[in-house]
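Trainee: In the order they appear, the protein sequences are chains G and R. This note's numbering applies: residue 403 is where the first sequence begins, and numbers increase by one. This note's numbering applies: residue 403 is where the second sequence begins, and numbers increase by one.
Keep in mind that the hints are not guaranteed to be accurate.
Note that the list lumps identical chains together, so a pair holds whenever it fits in one copy or between two copies.
Calculated pairs, SDA-like style, for lysine to any residue (alpha carbon to alpha carbon, straight line, at most 20 Å) [unchecked claim]:
1) 574 - 514
2) 562 - 478
3) 472 - 532
4) 607 - 582
5) 452 - 422
6) 562 - 484
7) 472 - 551
8) 629 - 544
9) 562 - 510
To be clear, the hints were calculated from the coordinates, so they are not data collected in a lab.
2 protein chains.
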Amino acid sequence: MREVEGCAFPTRDKPVALLCELPELAAIGDDVWREALSVSEVITCPAGTKLIECGSSADKFVIVLQGVVKVYETCENGREISLYRVNSGQVCVLTLTRLLLRSNRCAQAMAEQDVRLLAMPPEYFNRLLAESEAFRSYLMRSMAHCITDVIQLTAQVSFKHLDLRLAQLIRKLSSQETGSRICCTHQTIANELGTTREVVSRLLKELEHSGHIKLNRGSIEILDREKLEDLCLG
Amino acid sequence: MREVEGCAFPTRDKPVALLCELPELAAIGDDVWREALSVSEVITCPAGTKLIECGSSADKFVIVLQGVVKVYETCENGREISLYRVNSGQVCVLTLTRLLLRSNRCAQAMAEQDVRLLAMPPEYFNRLLAESEAFRSYLMRSMAHCITDVIQLTAQVSFKHLDLRLAQLIRKLSSQETGSRICCTHQTIANELGTTREVVSRLLKELEHSGHIKLNRGSIEILDREKLEDLCLG
């Protein structure tokens, strides 16, 4: 696992260029926001970097400028479940909750793609909250979205059978690809769904037997998309 | 299901008396907070009142002053899972997210005991957020706690077998009783854990066969507390 590398803004116009592409952030025009940006760092992390180690301190307020951060939970026996994604322009609410509660409670975050993060000193976070209405509105909506996303996931995990959640995940992954082939391991799928590789492999084999998919080494091919859609309806 | 009944403060000193017992709220001393209280309503609801109907509008900022509100999620076939409890002195974060996102996404809330709620016009919520540092701090911590609680639940639902979660729930319920008898139906337990009554009845029978508990009509008696504690360790 690589280390997070921090660097001051290489040039003054770079963060502005990044922010221009993020409408919600670009809309925050206050002086205090510009001042906060000038003292913030842009941190670049390659895909796979663990951003929050269980037990480590989180002492900055973090916004994702580019790329995607996956927030996930693990248990003692190594199983994982993905909780939510932080996309570009969004607050890393997990870091914020750790900052607010001064807690080291275990949830983890990893750069799923190469990411650029804005890391702001917490005193500027407090000033922004006090002085910028646009920032407050942005932040409150971010936290509210995070809460509803995690509640929705809890309901899915509780109410939906794993085979249905697997079919829906395959559909989602295939919508991100151009062809009918998804490149991912059974372990990656298990980590997404909060189960074991063995269970995923068994369920995938059942989907192969029923003609929905074909399993190849390191990839899954969708054979009958219509049949898969029917399955996703539950 | 009973209707929520609203009433203006019956007397001026009543909310103050209620707030005095809630240290986090009593600590907010700002003028804007006192002003906000003077325009807020205290709503009294008996246990069992549904506070947020799926699809209804939530147009006030709500704090629980007395009693406990259960926030839960339901699915089409009627199954339920408890997400978290809002205790006295806490913000109803669910109402707040609905207010912030102007969304009718489905999660529901019910008075688990008789409750008294403080219902504040949203414009005062915004003023408090802008003008009161103590309120901001209280609110941000409330939202952060809600997020970590729901994340913790998601992890439990994903990683822990239902028989373990059932044993832990029995232990928790028995810690709230004086004797070794818990009065609750199998359906109540099912709704707490996000499963069906049939599954709960089957698992309870297994616990009875193994000598952990004895099942009576409408109650569960703990026969061997030490054995139950061992089971809760997983």
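Trainee: Each of the hints needs a verdict: does it hold here or not?
Mentor: Now for the hints, and whether the structure bears them out:
1. Proximity of residue 574 and residue 514 under a CA criterion of 20 Å is satisfied intra-copy only: 16 Å inside one chain copy versus 38 Å between copies.
2. In this assembly of identical chains, the alpha carbons of residue 562 and residue 478 lie at most 20 Å apart only when taken from different copies (11 Å versus 24 Å within one copy).
3. In this assembly of identical chains, the alpha carbons of residue 472 and residue 532 never lie at most 20 Å apart, being 29 Å within a copy and 31 Å across copies at closest.
4. Only within a single protomer do residue 607 and residue 582 lie at most 20 Å apart by alpha-carbon distance; the minimum there is 18 Å, versus 47 Å between protomers.
5. Taking the shortest alpha-carbon separations for residue 452 and residue 422, neither the intra-copy value of 27 Å nor the inter-copy value of 44 Å comes in at or below 20 Å.
6. In the homo-oligomer, the alpha carbons of residue 562 and residue 484 lie at most 20 Å apart both inside one protomer (16 Å) and across protomers (16 Å), since each shortest distance falls under that limit.
7. For the identical chains of this complex, residue 472 and residue 551 are neighbours both inside a copy (13 Å) and across copies (19 Å), given an alpha-carbon limit of 20 Å.
8. Taking CA atoms no more than 20 Å apart as the test, residue 629 paired with residue 544 passes in neither setting, with 36 Å inside one copy and 45 Å between copies.
9. With identical chains, the CA atoms of residue 562 and residue 510 are at most 20 Å apart between copies only, with a shortest distance of 19 Å across copies and 24 Å within one.
Of the numbered hints stated above, those contradicted by the structure are hints 3, 5 and 8, listed in ascending order.
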